[in-house]
Amino acid sequence: MRGGAFRYEFLQAYRRRSELVNPVVFFVMVCAMFPLALGSNAQLLAPLASGIVWVAAVLATILSLDQMFRQDFDDGILEQMELSEVPFYQIVAFKILAHWCLTGLPLVILSPLLAMMLYMPSESYLSLIVGLLIGTPILSLIGAIGAALTVKIRRGNIVLALLVMPLYVPILIFGSTAPLMAAEGTVPAAQLLWLGAILVLMATLAPITAALSLRANIYGS
Amino acid sequence: MGNSSAALAAPCAPVRAGDPLLDARGITCERGDKLLFDRYDLSVKSGEIVQLAGPNGAGKTTLLRSICGMFDAEIDTLIWRGIELSSPLEYADELLYLGHMAAIRPHLTLWENLSWYTCLSQCSDMSKLPAVVAEVGLSGYELELASSLSAGQKRRIALARLKLVDCRMWILDEPFASLDSAGVEMLCGWIQDFVQRGGSVVYSTHQPVDFANCESRTLDIDQKPWGYNSESSSGSKGESFSEPAR
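Residue numbers (this note's numbering), protein chains in the order written: chain A, 1 to 221; chain B, 1 to 246.
Any given hint could be a false lead.
[Claimed, not checked] Quick look at which bits of chain A chain B covers, simulated, 3 or more residues with Cβ under 8 Å: (1) 10-21; (2) 64-76; (3) 80-91.
[To be verified] Only some residues are given here: those of chain A computed to face chain B with a beta carbon under 7 Å: (4) G4; (5) A5; (6) Y219.
Simulated from the structure, these hints should not be mistaken for laboratory data.
Just so it is clear, CB atoms sit at the ideal spot from N, CA and C, and this is done for glycine as well.
Model the full assembly from the supplied sequences, consistent with the hints where possible.
Written out as structure tokens, the structure reads:
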């Protein structure tokens, strides 16, 4: 029964893919504009590549957060889920997973292509991909807390961005420095392990926190 | 999954009409600065229809949401089938709430919407789905996206849940809104049928509905014993006349 309930989360996310693909297009456009603005200069772009890809990934995620719970909240679907027998935090966790599969995962898949365009040294590829693979779920998890808190605010986009931006800073720092270290020939173990630790922490706490915030918003409506 | 059948039997077991089902005493709700209910008592028996009446803004929705745990109300004593509970959420799986919002996913088809809903409850029966869709008069629309259906049709999808899930109490907030006369008749029949099987219905409506052979009573929630109507929204005044009641 639970598996069935979750299947529909993915189905709904898939049907709404045109909305969810927007952040991916945004991600590609931002990365593509840097070589246009700065000139196609390998010496200049190579050290910047990981930073550009990571900043674009963070901004693209922020753009997509607002839609995570809004429609289900407005339609009264979250209300029904809260009353149901399936624990609410599990439903929220699966909504976050569905969000990551449709926005975070495409960013990870596209990142090597964009890194190539930005002349990233070949030693850095692996740490960029691994970093994004660990980092983008964290972005979705932290973002879910912000999205749950602001679900009742009309045009809450700016509030949401201000809320999650400071929390994204450590992930941005760890993620973007890892490929730089790899380019120098060091294994960026510290950065990636830190990202992994944050992922474990957020995967544990974020669904519960987001579920509590949503419940508070349902109570008040 | 070994003990799931035992867990299944409990919430769906039949009840005898006349048994007290819900007894909520001392419901206190505040909305904004306004005190909507001050120590209000509501009790519902099995096999009973309770209609909440009152003008817009009297607090019908708030009261309905309070007893199903969707509004942060203070309830002094809450007794569900003879057992004292601390929160309405503890019996949430034994009731069905239909609110103003139809809880329909616009990006899923009618069929997917209803099968999603059956997944949320243990007491639901997937095999009833085709018959229920026909009963609400939506056969032929199974594969239409819910967003392409009319408001009345969406309302009918929401109502179809009443037939899919087995529970003890229906809490219906304006269930007759945007239904045609045939729909109103169908829903009245369902309510009578449910009540005769021992279920209870608490609903709010503005239109007069006649349940021929069922026990039905109307609570006019606007007539508050403490003479509240003249009061608008003053916190300090609200304090002063809730004092004598305590």
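Task: Supplied contact hint for A/G4, tested at 7 Å Cβ to chain B - done: With Cβ-Cβ at 4 Å, under 7 Å, it holds.
Open item on the list: Does the closest beta carbon of chain B sit nearer than 7 Å to the beta carbon of A/A5?
Closed with: With a closest approach of 4 Å, the A/A5 hint holds.
Open item on the list: Can you confirm whether chain B covers the stretch 10-21 of chain A, using C-beta to C-beta distances below 8 Å and requiring at least three such residues?
Closed with: holds (count 4)
Open item on the list: Is the coverage entry for the stretch 64-76 of chain A by chain B consistent with the three-residue Cβ rule at 8 Å?
Closed with: holds (count 5)
Task: Interface hint outcome for A/Y219 [beta carbon to chain B under 7 Å] - done: holds, 4 Å
Open item on the list: For the stretch 80-91 of chain A, count the residues whose Cβ lies under 8 Å from any Cβ of chain B; is that count three or more?
Closed with: holds (count 7)
Violated hints for the displayed structure: none, as all numbered hints are satisfied.
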